[in-house]
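Protein chains in written order, with the numbering used here: chain A, 1 to 228; chain B, 1001 to 1362.
Treat the hints with care, as some may be off.
To be verified - Now the in silico label distances, taken between C-beta atoms and shown as ranges:
1) B:P1011 to A:K42: 16 to 26 Å
2) A:Y37 to B:D1149: 50 to 60 Å
3) B:P1011 to A:Y37: 37 to 47 Å
4) B:Q1131 to A:Y214: 17 to 27 Å
5) A:K42 to B:Q1131: 34 to 44 Å
6) B:E1065 to A:L79: 52 to 62 Å
7) A:K42 to B:L1271: 53 to 63 Å
8) B:E1107 to A:L78: 46 to 56 Å
9) A:Y37 to B:N1022: 33 to 43 Å
10) B:K1048 to A:K42: 14 to 24 Å
11) B:P1011 to A:F206: 43 to 53 Å
12) A:F206 to B:E1173: 47 to 57 Å
13) A:V59 to B:P1011: 37 to 47 Å
Simulated from the structure, these hints should not be mistaken for laboratory data.
Each residue gets a CB set at the ideal place from its N, CA and C atoms; glycine is no exception.
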Amino acid sequence: MTDLYLAPLWISLRTVITATFVTFFIGIAAARWMARYSGRLKSVIDGLFILPMVLPPTVVGYGLLLLFGRNGPLGQVLLNFGTTIVFSWWATVISAVVMAFPLMYITARGAFEQVEPNIQDAARTLGASEWRVFWTVTLPLAWPGVAAGTVLALARSLGEFGATLMLAGNIPGRTATIPVAIYFAIQAGDKSQAMVLVGIVLVISFAALAAIAYWKGRTPRSRGFLIT
Amino acid sequence: MIKAVIKRSLPGFDLNVDFSVNRELLAVLGPSGSGKTMTLQCIAGLTKPDEGRIELNGKVLYDSEAGINLPPQKRKVGFVFQNYALFPHMTVTENVAYSIRHLPITEVNQKVERLMNIMNVIPLAARYPRQLSAGQQQRVAIARALAPDPEVLLLDEPFSALDSQLKERLELELLALQTEYHGSMILVTHDLAEGYKLGSQIAIYQAGRIAQCDTRQKVFASPVNRTVARLTGVRNLMDGMVTRLDGPFAWISIVAWEVPLKACLSPDSGLVPGQKVTVGIRPEYVDLKQAEGENVLPSRILQAVEGISSVTYRFHVQSDQQAKHYINATISKSNAVCLEDGQICLLHFPPENLIVIPASNG
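All chains, full assembly: derive it from the sequences and hints.
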């Protein structure tokens, strides 16, 4: 019983860590690409990236279900490899990544665009490759924003409910994350399990907020090159 | 040696320049928005020209016809930005060493120390840019730009944010640097005095074109047209006509003036009698005479602006006709004893200081 009681916590932790890790990299890659891309499709691509944030999560979940379902294009591909991700643990990760990605993307992109172009150009004229410019100049200077985006993405994946329920369902011990488990615990009248899980979520959320405040407070004027 | 032909069109602006610089300092002078900074960015590879060719010591950096466009990393062009653009998260030493990190550590240390010594920033080694004054940041920016041994050093209005004392000191340092650094330098500035002090060659920019590019003596002594004359500080410009030539002198009648002006001509001026010209003189060269004579004109003081060591007067030239002519004269205080508004003075225009520009040159 205790096992099943705390199972949602372990599932959620694994999901959140994996999803944040994945979101961090694809969010940064997309943000950096879009911060430099100036083609005709810029606003279209930008809209697509942000879409999961403005759509109801259940709609996104349904979309993912169509994509990964047995008849969906990606579902077919996976089926050829003899597997399916619908109603599996990976479904919770995919839902969390898709829902958290826009937050990471928007925040990181804003942070990259805030880095003064002259400073990056200076690095280029000093012979630094684009890769080196990014790792030694752009990313360090955009770090407060990137870190904040990561924390936001982490919080969003922790709270993910709608899309997860659609794609991963509620299989206790396998796909039932904390938010999903809370919902079904209350449905089933199991108030004590709901309270425990609510308490855990509160602790994690407060820690995340504190982390943002810490990062924001620690780098007040990292761009102090402006003449006073 | 850098040779550049750059064409770039933007909405409402057109850059079209052609110049070359030897191992010397070219000062690019011109009003804001005349394309000076864009020229530097094109040379550094930070902006792509639409057309043209840029060559640095025999290496082609950009050629629109051959489809060559080297990235900034491969150009060996040092760039000192207007706001210095130091890396705010690195110390002075790290900033200077940024471009040479791939070298052996002893070599890096030697080089960084030598450059920091030249630019007088050794005591600041461990500081971050936000802990430096503007002048200190400037020095670090130059040291950083020199570290990878660039073949040309581009300076984009490097002194515009500095107070005048600091500016003078850094100008001296830049002059001294020319003995240490043997590449070409291009300095963009909108400060006439600065350009003259530092540049052995001067290019005058006007609305995306080079109006004149020559040695500084030539540009300042014989501007090719009214625009260049005005941009190089010739504030008095009068329209006239050559009436008589006599050896090295020309007599020029100025519209609405009673007395003709006598001017010294350069041997290759090619002027002929009857030719329309513009005559110019710098305010500093106009002086006062006690008695009537050649090139002397009575004028009434309209306004006086007092400077530290001189006074600049605005004179209204006295003439019978309706046309109003004004002359600006900057007169050293030691000569400007008790001139009052409304007083009539005798202005003298020394023939050797008159600049004669053929009117066909605009």
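We went through each hint and held it up to the structure:
1. Between P1011 (chain B) and K42 (chain A) the Cβ separation comes to about 19 Å, which falls inside the hinted range of 16 to 26 Å.
2. Between Y37 (chain A) and D1149 (chain B) the beta carbons are some 34 Å apart, a value that contradicts the proposed interval 50 to 60 Å.
3. Between P1011 (chain B) and Y37 (chain A) the C-beta distance comes to about 22 Å, which lies outside the given range of 37 to 47 Å.
4. Against the hinted window of 17 to 27 Å, the Cβ-Cβ separation of Q1131 (chain B) and Y214 (chain A) comes to about 23 Å, which satisfies the hint.
5. Roughly 39 Å separates the CB atoms of K42 (chain A) and Q1131 (chain B), a value that falls within the hinted 34 to 44 Å.
6. In this structure the hint that E1065 (chain B) and L79 (chain A) lie 52 to 62 Å apart at CB holds, the actual value being about 55 Å.
7. In this structure, K42 (chain A) and L1271 (chain B) meet the distance hint of 53 to 63 Å, their C-beta atoms being roughly 59 Å apart.
8. Separated by about 55 Å at the C-beta atoms, E1107 (chain B) and L78 (chain A) satisfy the suggested range of 46 to 56 Å.
9. A C-beta distance of roughly 40 Å is found between Y37 (chain A) and N1022 (chain B), which places it inside the suggested range of 33 to 43 Å.
10. Hint check: K1048 (chain B) to K42 (chain A), Cβ distance near 19 Å, so the stated range 14 to 24 Å holds.
11. Checked against the hint of 43 to 53 Å, the C-beta distance between P1011 (chain B) and F206 (chain A) comes to roughly 52 Å, which is consistent with it.
12. Between F206 (chain A) and E1173 (chain B) the C-beta distance comes to about 55 Å, which sits within the given range of 47 to 57 Å.
13. Taking the beta carbon of each, V59 (chain A) and P1011 (chain B) are about 42 Å apart, inside 37 to 47 Å as hinted.
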